[in-house]
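Given only the sequences and the hints, what does the whole structure look like? Please build it.
Line by line, the protein sequences give chains S, E, A, Y, V, P, F and X.
The opening residue of the first sequence carries number 0 in numbering that gives the first Met the number 0; numbering runs sequentially from there.
The opening residue of the second sequence carries number 0 in numbering that gives the first Met the number 0; numbering runs sequentially from there.
The opening residue of the third sequence carries number 0 in numbering that gives the first Met the number 0; numbering runs sequentially from there.
The opening residue of the fourth sequence carries number 0 in numbering that gives the first Met the number 0; numbering runs sequentially from there.
The opening residue of the fifth sequence carries number 0 in numbering that gives the first Met the number 0; numbering runs sequentially from there.
The opening residue of the sixth sequence carries number 0 in numbering that gives the first Met the number 0; numbering runs sequentially from there.
The opening residue of the seventh sequence carries number 0 in numbering that gives the first Met the number 0; numbering runs sequentially from there.
The opening residue of the eighth sequence carries number 0 in numbering that gives the first Met the number 0; numbering runs sequentially from there.
It is worth saying that the hints were derived from the structure and are not from the lab.
One or more hints might be untrue.
[Unchecked claim] Simulated crosslink set (EDC-like; lysine to aspartate or glutamate; CA at most 20 Å straight-line):
| hint | chain 1 | residue 1 | chain 2 | residue 2 |
| --- | --- | --- | --- | --- |
| 1 | X | K30 | V | D55 |
| 2 | E | K30 | Y | D55 |
| 3 | S | K30 | S | E56 |
There are 8 protein chains.
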Amino acid sequence: MNAAEYLGHSFLDLGRQARTGVPEAVFAPGKTAAQLVSIAGRFLDSRSNLLVTKCDEAKRAALRRAHPGLHASARSGLVWKLFEKPRGGRKPIGFLSAGTSDLPVLLEAALTAAFLGHRVKVYSDCGVAGLHRTVKRLGQLEGCGVLVVVAGMEGALPTVVSALTGKPVIAVPTSTGYGAAQGGLTTLHAMVGSCSPTVAVVNIDNGFGAGCMASAINREIG
Amino acid sequence: MNAAEYLGHSFLDLGRQARTGVPEAVFAPGKTAAQLVSIAGRFLDSRSNLLVTKCDEAKRAALRRAHPGLHASARSGLVWKLFEKPRGGRKPIGFLSAGTSDLPVLLEAALTAAFLGHRVKVYSDCGVAGLHRTVKRLGQLEGCGVLVVVAGMEGALPTVVSALTGKPVIAVPTSTGYGAAQGGLTTLHAMVGSCSPTVAVVNIDNGFGAGCMASAINREIG
Amino acid sequence: MNAAEYLGHSFLDLGRQARTGVPEAVFAPGKTAAQLVSIAGRFLDSRSNLLVTKCDEAKRAALRRAHPGLHASARSGLVWKLFEKPRGGRKPIGFLSAGTSDLPVLLEAALTAAFLGHRVKVYSDCGVAGLHRTVKRLGQLEGCGVLVVVAGMEGALPTVVSALTGKPVIAVPTSTGYGAAQGGLTTLHAMVGSCSPTVAVVNIDNGFGAGCMASAINREIG
Amino acid sequence: MNAAEYLGHSFLDLGRQARTGVPEAVFAPGKTAAQLVSIAGRFLDSRSNLLVTKCDEAKRAALRRAHPGLHASARSGLVWKLFEKPRGGRKPIGFLSAGTSDLPVLLEAALTAAFLGHRVKVYSDCGVAGLHRTVKRLGQLEGCGVLVVVAGMEGALPTVVSALTGKPVIAVPTSTGYGAAQGGLTTLHAMVGSCSPTVAVVNIDNGFGAGCMASAINREIG
Amino acid sequence: MNAAEYLGHSFLDLGRQARTGVPEAVFAPGKTAAQLVSIAGRFLDSRSNLLVTKCDEAKRAALRRAHPGLHASARSGLVWKLFEKPRGGRKPIGFLSAGTSDLPVLLEAALTAAFLGHRVKVYSDCGVAGLHRTVKRLGQLEGCGVLVVVAGMEGALPTVVSALTGKPVIAVPTSTGYGAAQGGLTTLHAMVGSCSPTVAVVNIDNGFGAGCMASAINREIG
Amino acid sequence: MNAAEYLGHSFLDLGRQARTGVPEAVFAPGKTAAQLVSIAGRFLDSRSNLLVTKCDEAKRAALRRAHPGLHASARSGLVWKLFEKPRGGRKPIGFLSAGTSDLPVLLEAALTAAFLGHRVKVYSDCGVAGLHRTVKRLGQLEGCGVLVVVAGMEGALPTVVSALTGKPVIAVPTSTGYGAAQGGLTTLHAMVGSCSPTVAVVNIDNGFGAGCMASAINREIG
Amino acid sequence: MNAAEYLGHSFLDLGRQARTGVPEAVFAPGKTAAQLVSIAGRFLDSRSNLLVTKCDEAKRAALRRAHPGLHASARSGLVWKLFEKPRGGRKPIGFLSAGTSDLPVLLEAALTAAFLGHRVKVYSDCGVAGLHRTVKRLGQLEGCGVLVVVAGMEGALPTVVSALTGKPVIAVPTSTGYGAAQGGLTTLHAMVGSCSPTVAVVNIDNGFGAGCMASAINREIG
Amino acid sequence: MNAAEYLGHSFLDLGRQARTGVPEAVFAPGKTAAQLVSIAGRFLDSRSNLLVTKCDEAKRAALRRAHPGLHASARSGLVWKLFEKPRGGRKPIGFLSAGTSDLPVLLEAALTAAFLGHRVKVYSDCGVAGLHRTVKRLGQLEGCGVLVVVAGMEGALPTVVSALTGKPVIAVPTSTGYGAAQGGLTTLHAMVGSCSPTVAVVNIDNGFGAGCMASAINREIG
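Below is the structure:
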């Protein structure tokens, strides 16, 4: 019964294959600090750009202790190292959210896009409960080719933004509600059922995915 | 085994006891046309105000054939007879919906309130995809003390209306969406999780309940 | 990659815009004690009425240490400061619940309404398992224009209260059950499907929302 | 490939084995009229008591055309033939429901118990929206050892009846609601989460099961 | 804003009204140790029988420190004091479960029935994966008038027991599975959909309710 | 706007690529009779074995009218044509179900395996409510290397069969229950959570898949 | 009680306001043929481009009888009239699906994009069960800037396509599965949880929305 | 009230009866370290092979402290002791997963099969995002008669592996996703709805069950 040994050599290829425009991202939950330190070390040794997502405080500390050159953002849970800045799109990407509780996901999305070489415009004060402010912010986002809109609860913001701008909107539901919000599932379903047809949706709290999707679109824009 | 006979005499008390301000309403689904005709006959015989809800075309026809004095509304599925007009509130009640598919429920709500003696203001062209129009309509509803807002899909309209007016909003989710809308459950949950705290919600497609609730509030307003 | 700096100036507008009758409330979950202290400071500096909801013991302590003038209620999780008492409605608002486990939500609702300037009548001993007592309490609530009813489990209390009084009832489901209660979702759905048409429902455990909705109605009552 | 022939001889044992006190019931949905006629024929040939449940109009007609001696109840969807009346319990069994739409399930339950030899007391006018009438009916059920309570929507009736009487209550949720009722699932979950501990629940619309369970208890009572 | 004071006097009536045959039970979750100690004190002062359910280790310790005469059962989470033994039924009640993980709920049910004055027969080794043993145990339960069957996972045991004995079975789903078990909901639904019609179901892990329901039936048996 | 023409040539490759041991099956729902006739024609022209699943009466008739050589089974909804009998396994495959309503799915599974060249043993009278018969049937299945067990409702049969035989069991949940069965989802989840570890599950009513999976295993057995 | 008359004049503004790049689409379900004919007439009178979605055979026939110049596609359920061809993007948009049952949604998406002025490349033979063919097709789509991928069941195709191409993928779940597919909800959730971060999702069967979203992106591409 | 003593003697038969080919496994969650130590002691005393599953670090330590001869695997949570190696199948069993987060379940499955006497081939680097590597690995698994495929998120890997190999696949969904993954339920449902008919599924994270099922099949293979 030596299955464990048999497995030994296959543990070495953990990361996803690098592909054009998708970052070498490491999803921290479910990995120990020791595993993350070891994985990060392999990226750094080969001077590959590294992005670790959903990293809690203890793992951020362990990573930076082991690899002092790493950058970290407490609010978004990201840890990263850029050896060579990718070429992003020509236009900036716009990021909006409604309130403070959506901020971590908003930052995860915006920093992911910045990590991938794009310019970002970020506003966190655009809830549908204050529509004039929302309208004002949209004026400042006119130069963007694609927008990422982060919202929890009833998830109305992507619909409103999409209807007012006509731009493609990547909607990110968040898990910040409670009760009938069902951990974000209601927000996800509400966004998917938006009455505006230029909204597409990613997973709950998936700021990283929204940043990547917006980046892929923005690179096509040129 | 004579259970059926035993039951015989208890079938006679079908309707809900009349209470102050709640209409003697009969819910048509699950009852045959013949049962409805017989129930309606008892109301008419005693000259009690009668309201039948969710009545399909065949049942409406059967009721009016049997009782020629009845009124019917094809879009809302209501059938009614008013012997004595109740005293409604002093202010009108406002009713809004986003699009055509929400119209049957909007009408069910507004006609129920009218049946209960209230003046009603009704607008069906207020979707969040056209915000200036929504804002314009809200100006016309300033004199109302309570608003009923009907919406399907992502259900954002009650939140927007409530935030813009500060008035109490009775929200009615509709089953008009598809897929992730889950027959209206997503809309219900999204409305319940509204980021505006002056929204309360009734059952999916329950225009009748919204009309009754708004009526009860409006009577208290005076 | 300076997204974080770019965001810097937009963090300053966290609170929801003050609107007539809706309190400047701060939802504590998902915010750190330090963030809450800073937000509260801005309210106090501008002498704006402040209400913090769902505040656990540690956050309550941190807030009161930093801002000694704040009031706090351990059972309801509220922290508040009133600079100018708002003008509430002419009538008191009635608040009922079934048992001890619903008490925190009942208090959150009643204290919110009191914070908004209303007189409140509160009873926590009205479960459907003891109907005579329920009936007795309802007599004491006759002068109220709107009632808030808090219940968990099968959620029957709002239906019974609404049927016995004919008054508009704001129903608040609680998460106090277990198993088939599904964290309050069953109670929410049962209340939404009430056989009484003068019941409207807010989110699970949302005492704050019920207090605001009752306040908005009570202000319209005059 | 002669699987069909291979199966031939095993089609003959369709019915569930007769056991003490559980009727030889045939569940009609999913069986064709021809299959039901054939199955019923075998019962009649062997002079075994027969009970067919959930039988629609066409199947009832086909069964009675083929076997003129059968009895049928249109409202409850039952078809039956009693060769030898079983010995039921010493006490009657009580059956209650709230309104007309629950009547088919109430009758299915009561007729099943009658078919099994018990005396039944049946009241269909006991909704929680009219509590004095409910209380009055309970007085008439004092001699019963077990009660079957049928209700839809918020499902409060079993809790109220159980609390007022202290008797064991078999609760039957019905599928008569809509929207958040989710075809009866909400009512089922609400009944299972009843705040009264002397309530146990059977499947949605399962009047037959409730009748059998009450029968089994009543036989034990003696 | 003195709502808290206003509430003061109504906190005193926490317990459910004593009714014939339903224990004065206190549900521990959601109450602090201090609250439990105070509630228990009131029972003891008035020499009323006391049963506290779902009590964790810390609360059990606090209760026994404050009130040395209390009994406690670590496995079932019950704490109790009997001043006067109630008169139970003439027959014993049978309790079965499949495996060790269902033991706490099995004991909660059996001890509740014992607390209510009944004799109990308890077997925890009757899973459907070992059918001959199940069959053997059923022989030992022949004198019982009602059975309580506790099971998790696919929840097959109540069906098998009910089919083999023809006795009324109170089924208790447990939350011991994982994944598709959904915290016991799957087991609950499977039991409710049992192919045996003499099974009725209580809430997930609700050993207390099963004990009360079996007690109510057993008292009727005599 | 000539998208339709553009698509023209790609409509020709409808069927799934033939692979070793998986039949060229055509799933009838969602296809018109005309489409099925055309697809079947292409199979027959190339003398490829053809199996059409879930075929209702009208489609079966249309297929046989157009292609007189086709075989059809009304109960299972299968239509087929075997040009060359595949080589099945050395051992027979065993198929069991509980009652008549599970028969269509049982036959779909068994006929699929027969179509793939295997010998089949089929019993439809093995419900857990009659355990001695179940045990007797299992004796007749001793020579089988793999068993397919079809059941609805609480789905206990695969667990019992697997525990009694120790053989690998492919479990097929059916949609024959109602209410809490949720169209088969409860049965699916209960089977997946079986307390026997030698059970694996396919989709609700998926007799075809179970037949293919058993066939693939049986071919490996030799 | 003249609410119906009051409503009269507000029925005239049914359509959503034309916005840059979003078609004047009319959702047919829930509208009668007469309503659709009238709505279409208003578009034609004002020479506005018209697109009607999810149109069944009877409604298509009614529309073309009333307005002979309309085009219709039976498979996709679209009816349309182009007065002025919009200027689409410079690059073609790629559309892929797995099998025949996804074809209606694939065509709805592709024809919507074509209606909006874009060139389209469409392949319906790309299921993950035949990976070499999928890979071959992807070569033919290299010139596209954005891809729409339609799939039912386990919904794996968008993940595979996105991983192989690195292009932004709009994923459309379809309702073609059964059982555990839950009408497409499982496919929707699986796509939202894709392990590829350049996938965003629209509602179940929402080919129209996917076509609009891809169009909005493609217009930004230039 | 001496129920506890009455129960005493029945606690001794905790384990499931040993059956051919199913290990004497002990499921650790819900049992205390002390209980596990005592159960393990009884296995060791009788020199029976022992396998404990889902064992956290503290319980592993307690077991090894009490019984020094035990083996433990930290990643898979297994603890075991083999007195007599069972005779496994002639062929190896293949085990695959997509990424690192599925590794614990993959190892639980493979080690269980090894414990049961089988040779295992294990690869953890086969995600659908890197298809050429997947294809390469499948070549190395050609000698296997049955495959176990472990995956989270959209769960596409079993479908792809099954389609490429034609071998029977036991699919194990994992709970490693978040948001719409719903703790693995989406993955489970997606796998059950696989478009490949030679996939059967076990419970979420149930590596032990997959190992047993594969073992039962492999023993039949010979």
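Here's how the hints hold up against the structure:
{"no.": "1", "hint": "X/K30 - V/D55", "verdict": "holds, 15 Å"}
{"no.": "2", "hint": "E/K30 - Y/D55", "verdict": "holds, 15 Å"}
{"no.": "3", "hint": "S/K30 - S/E56", "verdict": "holds, 14 Å"}
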